[in-house]
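Start from the sequences, fold in the hints, and give me the full structure.
The listed protein sequences correspond, in order, to chains L and U.
Just so we're aligned: 19 in my numbering is position 19 of the first sequence, and the numbers increase by one with no gaps anywhere.
Just so we're aligned: 169 in my numbering is position 169 of the second sequence, and the numbers increase by one with no gaps anywhere.
Hint data in this document are derived by calculation from the structure and do not stem from the laboratory.
Don't take every hint at face value.
Claimed, not checked - Distance condition first, Cα-Cα at most 30 Å in a straight line; then the derived DSSO-like pairs of lysine-lysine: (1) 271(U) with 4(U); (2) 163(L) with 134(U); (3) 193(L) with 163(L); (4) 41(L) with 163(L); (5) 182(L) with 4(U); (6) 92(L) with 6(U); (7) 262(L) with 92(U); (8) 92(L) with 41(L); (9) 134(U) with 41(L); (10) 163(L) with 6(U); (11) 134(U) with 193(L); (12) 193(L) with 182(L); (13) 262(L) with 92(L); (14) 182(L) with 6(U); (15) 193(L) with 6(U); (16) 60(L) with 193(L); (17) 224(U) with 193(L); (18) 60(L) with 41(L); (19) 163(L) with 60(L).
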Amino acid sequence: MSNSRTESPLVRWLLIGIALFYLGLFIFMPLFIVFSTALEKGIAFYFQSLGDPDTIAAIKLTLITALIAVPLNLIFGIAASWAIAKFDFHGKNLLLTLIDVPLSISPVISGFIFVLLFGLQGVFGHWLRAHDIRIIFAPTAIIIATIFVTFPMVARELIPVMKAQGSDEEEAAITLGASGWKTFWYVTLPNIKWGLLYGVILCNARAMGEFGAVSVVSGHIRGFTNTLPLQIEILYNDYDFTAAFAAASLLAFLALFTLVIKSLVEFRYQAELEAVHKNKAH
Amino acid sequence: MLLKQKSNLPGFHLALGYTVLYLSLIVLIPLSMLFIKTSTISFSDFWNVVTAPRTLAAYRLSFGAAFIASVINIFFGFLIAWVLARYRFPGKKIVDALIDFPFALPTAVAGIALTTLYAPNGIIGHALSQIGIKAAYNSLGVVLALMFIGLPFIVRTVEPVLQEIDPEIEEAASSLGAGRFEIFRRVIFPTVLPSLVTGFSLAFARTIGEYGSVVFIAGNMPGKTEIAPLLIITKLEEFDYTGATSIALVMLIVSFILLALTNWAQWWASKKVGLS
Numbered sequence: 001m002s003n004s005r006t007e008s009p010l011v012r013w014l015l016i017g018i019a020l021f022y023l024g025l026f027i028f029m030p031l032f033i034v035f036s037t038a039l040e041k042g043i044a045f046y047f048q049s050l051g052d053p054d055t056i057a058a059i060k061l062t063l064i065t066a067l068i069a070v071p072l073n074l075i076f077g078i079a080a081s082w083a084i085a086k087f088d089f090h091g092k093n094l095l096l097t098l099i100d101v102p103l104s105i106s107p108v109i110s111g112f113i114f115v116l117l118f119g120l121q122g123v124f125g126h127w128l129r130a131h132d133i134r135i136i137f138a139p140t141a142i143i144i145a146t147i148f149v150t151f152p153m154v155a156r157e158l159i160p161v162m163k164a165q166g167s168d169e170e171e172a173a174i175t176l177g178a179s180g181w182k183t184f185w186y187v188t189l190p191n192i193k194w195g196l197l198y199g200v201i202l203c204n205a206r207a208m209g210e211f212g213a214v215s216v217v218s219g220h221i222r223g224f225t226n227t228l229p230l231q232i233e234i235l236y237n238d239y240d241f242t243a244a245f246a247a248a249s250l251l252a253f254l255a256l257f258t259l260v261i262k263s264l265v266e267f268r269y270q271a272e273l274e275a276v277h278k279n280k281a282h
Numbered sequence: 001m002l003l004k005q006k007s008n009l010p011g012f013h014l015a016l017g018y019t020v021l022y023l024s025l026i027v028l029i030p031l032s033m034l035f036i037k038t039s040t041i042s043f044s045d046f047w048n049v050v051t052a053p054r055t056l057a058a059y060r061l062s063f064g065a066a067f068i069a070s071v072i073n074i075f076f077g078f079l080i081a082w083v084l085a086r087y088r089f090p091g092k093k094i095v096d097a098l099i100d101f102p103f104a105l106p107t108a109v110a111g112i113a114l115t116t117l118y119a120p121n122g123i124i125g126h127a128l129s130q131i132g133i134k135a136a137y138n139s140l141g142v143v144l145a146l147m148f149i150g151l152p153f154i155v156r157t158v159e160p161v162l163q164e165i166d167p168e169i170e171e172a173a174s175s176l177g178a179g180r181f182e183i184f185r186r187v188i189f190p191t192v193l194p195s196l197v198t199g200f201s202l203a204f205a206r207t208i209g210e211y212g213s214v215v216f217i218a219g220n221m222p223g224k225t226e227i228a229p230l231l232i233i234t235k236l237e238e239f240d241y242t243g244a245t246s247i248a249l250v251m252l253i254v255s256f257i258l259l260a261l262t263n264w265a266q267w268w269a270s271k272k273v274g275l276s
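What follows is the structure in structure tokens.
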């Protein structure tokens, strides 16, 4: 290897050392502290604190929320990426920017706009109260706010993948007489399945972990409107640290699982890209 | 009509129609509530809220800490991206995968973990208190939490650019007699600069409105360690919708400006790549 592109071993290891120190401080230590605090009173206590009825209720609400939010945003992500990646139309850049909006505003504002919409002082407040429908401080608002916050997650992963695939294969299928749905199902979907999987996993992780937006609309009613992150806050503020970190460890596992899927997907894409290059070379 | 180019692929109107409908229902209509609510507030009321000392202190903390954290992350983010793109060391694959951990970890979990670490009785906080530094329950704690949150945005925008730099350019510069520092300053840095700007604006935009990871470590003293999103929540709990809306509106406008800056930086980066 020519040494014009690299530094002396001393500089190299110094830079690696600084990088690892920084990552140790900000990534390894927090990860370690979550699991060590969760298990500090032993494995039996760990499972006992996870079995607390309020924590179980919070896990249930978190699962239900993700089960509704993720499929809706998945359908949107497929529709949006089909339109954006396969066609060239006016206003595309504006649409792309608008799709990103939920990611660029404060989660507290994301929750607040739904209070303005459905709260007692809100636009639909009187009508909702007259019809005895409760949205704010009820699970409905938590689900709606979660859909808002995780809105772009699938679309953002799918758009670049679909763009990279191009439309030659789909055009060939259509020319040969396949229907649009069949083309999508048998041609497009196999090509994008890994990106789709990561988008769904990421969207799910964000849906289960959302805190700020959900906190504003929930009302923090124990056993009724607490998701897992809100339950963690309550336990922590009650100085019940072991139980708080036990609940937090579930979400940390989810985050690690998400990263594993991401690495797998990247590995798959790399293999596929290399295969494509090889075929082109022949 | 909308299409710039005819295509024989089906489903354009259905896909775009559904996209726009869903976007309007979930994002645009709810977000417009903030502007509708603003239109009912007189300018003097708005001005009184956003220039109140407590609000100004909250803005200063949220924007200031986000700025400092993002600037620090430019240096460390670049260094980490450099190490990952160029060097080999044991455990690199795991380190590379864990870069996204702050992005994948729910903010409340990050918040309690960082607070436990940096509190005066925590592992790192105790060491820091020995040398007279108070990390948690202080504005330094806010900066630390935002450094955690912003890191992946900078590493992940810079890393691919560093990987794509053609080795031949560096070798050519080297054979022409340029030293490592000279090559870095005149070849590598200009190439990476647009991605550093993009990464900075992404991290800055993400961290100014951050709530979950900060609220535990901040201390939340009004006028001192109270972040702007928390002040919005406080106003809401007091049923002061005018106050909450005014504070939120300023934050929203700053977010939109940063979104525009990010788009511009990405356009700049793609133009630069296209030219070279």
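Check: Do the alpha carbons of residue 182(L) and residue 6(U) lie within 30 Å of each other, as the hint requires?
Finding: holds, 21 Å
Margin query: Next pair to validate is residue 224(U) with residue 193(L); report whether the Cα-Cα distance is within 30 Å.
Written below: At roughly 49 Å apart (the allowed maximum being 30 Å), residue 193(L) and residue 224(U) break the hint.
Checklist line | Given pair status - residue 193(L), residue 134(U), alpha carbons within 30 Å | finding: violated, 48 Å
Check: residue 92(L) and residue 41(L): Cα distance at most 30 Å?
Finding: It is violated: about 55 Å lies between the C-alpha atoms, which goes past 30 Å.
Notebook entry, point to check: Is the Cα-Cα distance between residue 262(L) and residue 92(U) 30 Å or less?
Noted result: Cα-Cα ~16 Å, so holds.
Margin query: For residue 92(L) and residue 6(U), compute the direct alpha-carbon distance and say whether it is at most 30 Å.
Written below: Judged against 30 Å, a Cα distance of about 15 Å means the pair holds.
Check: Has the given pair, residue 271(U) with residue 4(U), been kept, meaning a C-alpha gap of at most 30 Å?
Finding: holds, 22 Å
Next item on the list: Given the hint that residue 262(L) pairs with residue 92(L), test it: the Cα-Cα distance must not exceed 30 Å.
Entry: holds, 28 Å
Item checked: Pair hint residue 60(L) and residue 41(L), alpha-carbon separation not exceeding 30 Å -> holds, 25 Å
Next item on the list: Sort out whether residue 4(U) lies within 30 Å of residue 182(L), counting only the CA atoms.
Entry: The given pair, whose Cα atoms are some 25 Å apart, holds under the 30 Å limit.
Notebook entry, point to check: If you draw a straight line from the CA of residue 134(U) to the CA of residue 41(L), is it 30 Å or shorter?
Noted result: It holds: about 28 Å lies between the C-alpha atoms, which stays within 30 Å.
Checklist line | Pair hint outcome, residue 193(L) versus residue 163(L) [Cα-Cα no greater than 30 Å] | finding: holds, 14 Å
Checked against the numbered hints given earlier, this structure breaks hints 2, 4, 8, 11, 17 and 19; the rest are met.
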